[in-house]
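Those protein sequence lines, which keep their order, are chains F and R. Its first residue numbered 40, the first sequence is counted upward by one per residue in the numbering used here. Its first residue numbered 6, the second sequence is counted upward by one per residue in the numbering used here.
Simulated from the structure, these hints should not be mistaken for lab results. The beta-carbon is built from N, C-alpha and C at its ideal position, and this holds for glycine as well. Keep in mind that a hint or two might mislead.
The list that follows gives simulated cross-link-like pairs (lysine-lysine, DSS-like), each with its CA atoms no further than 30 Å apart [stated by the list, open to error]:
#1 F:K108 x F:K189
#2 R:K93 x F:K189
#3 R:K215 x R:K276
#4 F:K108 x R:K276
#5 F:K308 x F:K52
#6 R:K15 x F:K108
#7 F:K189 x R:K215
#8 R:K276 x R:K93
#9 R:K92 x R:K215
#10 F:K166 x R:K15
#11 R:K15 x R:K215
#12 R:K491 x R:K337
#13 F:K189 x R:K337
#14 F:K168 x R:K15
#15 F:K189 x F:K168
#16 R:K215 x F:K168
#17 F:K332 x F:K308
#18 R:K215 x F:K52
#19 F:K189 x R:K15
So these bits of chain F aren't anywhere near chain R, every CB distance computed over 12 Å [stated by the list, open to error]:
#20 Q45
#21 K52
#22 E57
#23 G119
#24 R135
#25 R141
#26 R172
#27 S198
#28 P202
#29 R205
#30 Q207
#31 E284
#32 V313
#33 V316
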Amino acid sequence: MSSPIQTENLTKKFRRVEALNGLNLDVPDGAIYALVGPNGAGKTTAIKILMNIFGPTSGHATVLGTDSKRIAGHAFTAIGYVSENQELPGWMRVDRFMAYLRPFYPSWDRDLENELARQFDLPLDRKLKDLSRGMRMKAALASSLAYRPKLIVLDEPFSGLDPLVRDQLIEGMLARASEATIFISSHDMAEVETFASHVGYLEQGRLRFSDEMTTLTERFREVELTFDLPPALPEKWPESWMQVETSGAVVQFVESRFNAERTNAEIRKNFNSVRDVTFTPMSLRSIFLVMAKAGRRVGQERGTDETGHPHLP
Amino acid sequence: MRQVIHIFRKDVRQHWPEVLFTLAVLVAFMWDEPRHWILRDDFGLSHERWIPILLVLSWWLLIVRTVQSEALVGDRQYWITRPYDWKKLLAAKILFVAAFVTAPLFISYAFLLAKAGFRPLPSFVPWLLWMHVELVMLLLLPIAALATVTSTIAQMVLTVLAVGLYMAGAATLAAYVPSEGFSSGSDGVQAAVLIGACIATVVWQYSRRKTNHSRAILAAAAGAIIMIIVATPYRTLVSFQYPQLNPGERQPVQLALIPAMPPGVMPSGDKDLQIQVPIRVSGISEGSFVGLDGTMLTMEAPDGLTWNSGWQSNPQLLYPHQELLQLNFEAKRSFLERVKATAVRFHISFALTVWRDKGPTRISAAKGDFELPGVGLCSIDRIDSTSLLCRFPVRGPSLVVVETPWSDADCSILRDELVPGTKTARGWAGNSESGPFSPVGTFHLYLWMWDGMTISSHNMRICPGYTLFFSVPEEVRRVGIEVDWKEIRLADYEKSDPLRDLLKPHPGADPQ
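If we strip away everything but chain F, and leave its shape as in the complex, we get:
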């Protein structure tokens, strides 16, 4: 089966501004794929192209096997899309909103709808315009989960929500994870770190990397080398060593291709007498910060590589 979401050199320009630059994505079936990156990175643009809200300037995308430019009408019976700033029909009560949407979806599950309403504590008799932002997001998510979509696309769903509401939304979403692929965008790495199976990092319209979460966290280590005396520094640092800092008899860096055996060999090759070596696992947030800094530096110094992406270790 083809991947639920695939993009190939997806580019979007708004007049002269390049919002997305050659995005290549492959979201595996059943994944919880988090597309992360700072504000303005192009996450929302990418999602809107996938949902056929925008057309791409160039490139190609498929969603559930359909060309994104043809995503419309019936195709949305298998897609649940929720966005942080989606405009809902404020004049409708929550229960009427659900009732209105119900006939559009052949697979709408009334029991699941009721369960979601309970789980999210939705005030069914209140108008959508009278709900708090968090409650509106819960109503939108409930209305997008009740028909058991194969693909759930969430654009910054937790942005600005209090932790309790965010946890409720995540729980509701994860409860459906076994039967759907989830594609979620966020600028907050910490909030997706706990549940994402895959992660892609988008910056300035370019995908810096895309990987499985476990692979990514295993690849990166903070390394600290302690010497008896300040060591002689090599002329050129290994490419996989990032953010190298020296302070007297201590050298610190981030290893982006961590393998205990290989990394130790690399250290011995560059330094003769290391007294102590420590490897510390990194949080996703720390990894992204390192990558973001490296990306900016490389982007400034070297431009882009042959694939259009900045060269990263």
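With chain F fixed as given, assemble chain R onto it according to the hints.
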């Protein structure tokens, strides 16, 4: 179809206040309209003509609200990522407008026709449908198209104001285009461009939601209409509509300038003068009428300087035995200043319609309504007894002529015969159409005392019991006639007061 009904029901739940308001205004219109059939608007009722305006505004509001409830502009609307089929969404909106705008309007048509005394209703259905299509295409569709390219009422109001400015500008421009006001030859093309652009916009927006493209379509149509106004060869169109007589064909009317009666000149604003040209009329056959639809004056000076009035609409009906006709033209004061001392050639083109009288119908005026066969119902105007107020269903006659013995007596003395040689009173009306909101149209027949040379309404009165002779002539043909006048020097007529006074250099006049 289920989705169409589902969206329709949602719209009803959402917009029921607007629906109720629209229906209330329509009921008010149905209550108010019959009063205008028996009383003229210029006698105290004109201030009440706001109801049709309110009716249109209520329709527009309803259409905008229902279109914008699934706004097509923007990228944040919830519905655009839901399983809406655009054709069904569009069908639901059309159904909504049909249910709450056009169907009630159609019912109001039937009510008004019955109220006006016109039956049987089924015989009017084809005309009513046509009237309906015209109203929908020209009044509602453009608003629907604008609603698809705006996302809020505020945006829509600003857009409508911009369209209003555009229309005012187009009308101003059209006023400067010679003959534009006379020839309706490009009206159909303009309407087709407007309707085509609106349909394309609506379909494009619903199917693709490419707002910039859709706005470009509307802007292009607006530009095209301006181009059509400016570039239409109106004179050529008029010459097709009113062809010259073939050699040997008898002219339906003889029109000639009168050497003994030179043109008079009257002021008309700072920069213009009105040239009054008396014309001798003769040769109209008995049983015929000649409609003077339009005229065009060309003045040509020996040095080649030419002034042309363009075709002007100047509707008059010429009767058999009529002897005199006066035409008025607006001319530039600066041009007359330059040519007044030279021998100017006058050339007048006439656009005429020849009518054949099928024989008058003799009718006795009644106190209330009396029937005018083939036309409708008439009554003596309650306020101005020199005129008849008539109403007709859907389409009025192209021409109706009435004649009656002239009387200045009071209503106790009946004049029931038209004695040859006595003074008569005559009146006519033409091109009457109803609508766009009411299927009952009205026209006035003003009667004037007429002796072949002059007309006057002095002391004329129509009383119940008077005999009226009505004619509904049929159109025979349209024809164009050219009349030349010998070269004259306008300055020669300085003895005539207006000419002497008005051909003096004017302080504000262009020296050219």
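Each hint, compared with the structure:
Proximity of K108 (chain F) to K189 (chain F) is assessed by CA-CA distance (about 19 Å); at most 30 Å being required, the pair is judged to hold. A hinted pair counts as satisfied when its Cα atoms are at most 30 Å apart, and K93 (chain R) with K189 (chain F) qualifies at roughly 25 Å. For the hint linking K215 (chain R) to K276 (chain R), the alpha-carbon distance of about 50 Å lies beyond 30 Å, and the restraint is violated. A distance of roughly 62 Å separates the Cα atoms of K108 (chain F) and K276 (chain R); the hinted pair therefore is violated under the 30 Å criterion.
Taken as a hint, the K308 (chain F) and K52 (chain F) pair is broken in the structure, with Cα atoms around 47 Å apart against an allowance of 30 Å. For the suggested pair K15 (chain R) and K108 (chain F), the alpha carbons sit about 28 Å apart, so the restraint of at most 30 Å is met. Our distance criterion of 30 Å between C-alpha atoms is met by K189 (chain F) and K215 (chain R), whose separation comes to about 28 Å. Of the pairs offered as hints, the one joining K276 (chain R) and K93 (chain R) is violated, with about 59 Å between alpha carbons and a cut-off of 30 Å exceeded.
A hinted pair counts as satisfied when its Cα atoms are at most 30 Å apart, and K92 (chain R) with K215 (chain R) qualifies at roughly 16 Å. A hinted pair counts as satisfied when its Cα atoms are at most 30 Å apart, and K166 (chain F) with K15 (chain R) qualifies at roughly 15 Å. A distance of roughly 25 Å separates the Cα atoms of K15 (chain R) and K215 (chain R); the hinted pair therefore holds under the 30 Å criterion. Proximity of K491 (chain R) to K337 (chain R) is assessed by CA-CA distance (about 21 Å); at most 30 Å being required, the pair is judged to hold.
Only pairs whose Cα atoms come within 30 Å are accepted, and K189 (chain F) paired with K337 (chain R) is rejected, the gap being roughly 77 Å. Pair hint K168 (chain F) plus K15 (chain R) holds up; C-alpha atoms about 17 Å apart against a cutoff of 30 Å. Between K189 (chain F) and K168 (chain F) the alpha-carbon distance is near 29 Å, which keeps this suggested pair within the 30 Å criterion. Simply put, K215 (chain R) and K168 (chain F) have alpha-carbon atoms about 28 Å apart, close enough for the 30 Å limit, and the pair holds.
Under the criterion of a C-alpha separation no larger than 30 Å, the hint pairing K332 (chain F) with K308 (chain F) is consistent with the structure, at around 26 Å. Of the supplied pair hints, the one linking K215 (chain R) and K52 (chain F) holds, its CA atoms being roughly 16 Å apart against a limit of 30 Å. Annotation: proposed proximity of K189 (chain F) to K15 (chain R) holds, straight-line Cα distance about 27 Å (limit 30 Å). Consistency note on Q45 (chain F): stated as away from chain R, and its beta-carbon is indeed over 12 Å from all of that chain's, at 19 Å minimum.
With 12 Å as the threshold on Cβ separation, the claim that K52 (chain F) sits away from chain R holds: the shortest Cβ distance comes to roughly 14 Å. Every beta carbon of chain R lies more than 12 Å from that of E57 (chain F), the smallest distance being close to 18 Å; the non-interface claim holds. For G119 (chain F), the non-interface assignment is contradicted: its Cβ lies about 9 Å from the closest Cβ of chain R, within the 12 Å cut-off. A beta-carbon of chain R comes within 12 Å of the beta-carbon of R135 (chain F); the shortest separation is about 8 Å.
Listed as a non-interface residue, R141 (chain F) fails to keep its Cβ farther than 12 Å from every Cβ of chain R; the least gap is roughly 9 Å. With a closest Cβ-Cβ approach of about 14 Å to chain R, R172 (chain F) is found to remain outside the 12 Å limit, as its non-interface label requires. At the 12 Å boundary, the C-beta of S198 (chain F) stays outside the reach of chain R, the nearest C-beta of that chain being 14 Å off. For P202 (chain F), the requirement that its beta carbon stay farther than 12 Å from each beta carbon of chain R is met, with the minimum near 26 Å.
Interface exclusion of R205 (chain F) from chain R stands, the closest Cβ pair being 21 Å apart, more than 12 Å. Listed as outside the interface, Q207 (chain F) is consistent with that label: its C-beta sits roughly 20 Å from the nearest C-beta of chain R, beyond the 12 Å cut-off. Distance to chain R confirms E284 (chain F) as a non-interface residue, since its nearest Cβ pair spans about 44 Å, more than 12 Å. In this structure V313 (chain F) is separated from chain R by more than 12 Å, as the shortest Cβ-Cβ distance comes to about 55 Å.
In this structure V316 (chain F) is separated from chain R by more than 12 Å, as the shortest Cβ-Cβ distance comes to about 52 Å.
When the structure is compared with the earlier hints, violations turn up for hints 3, 4, 5, 8, 13, 23, 24, 25 and for no others.
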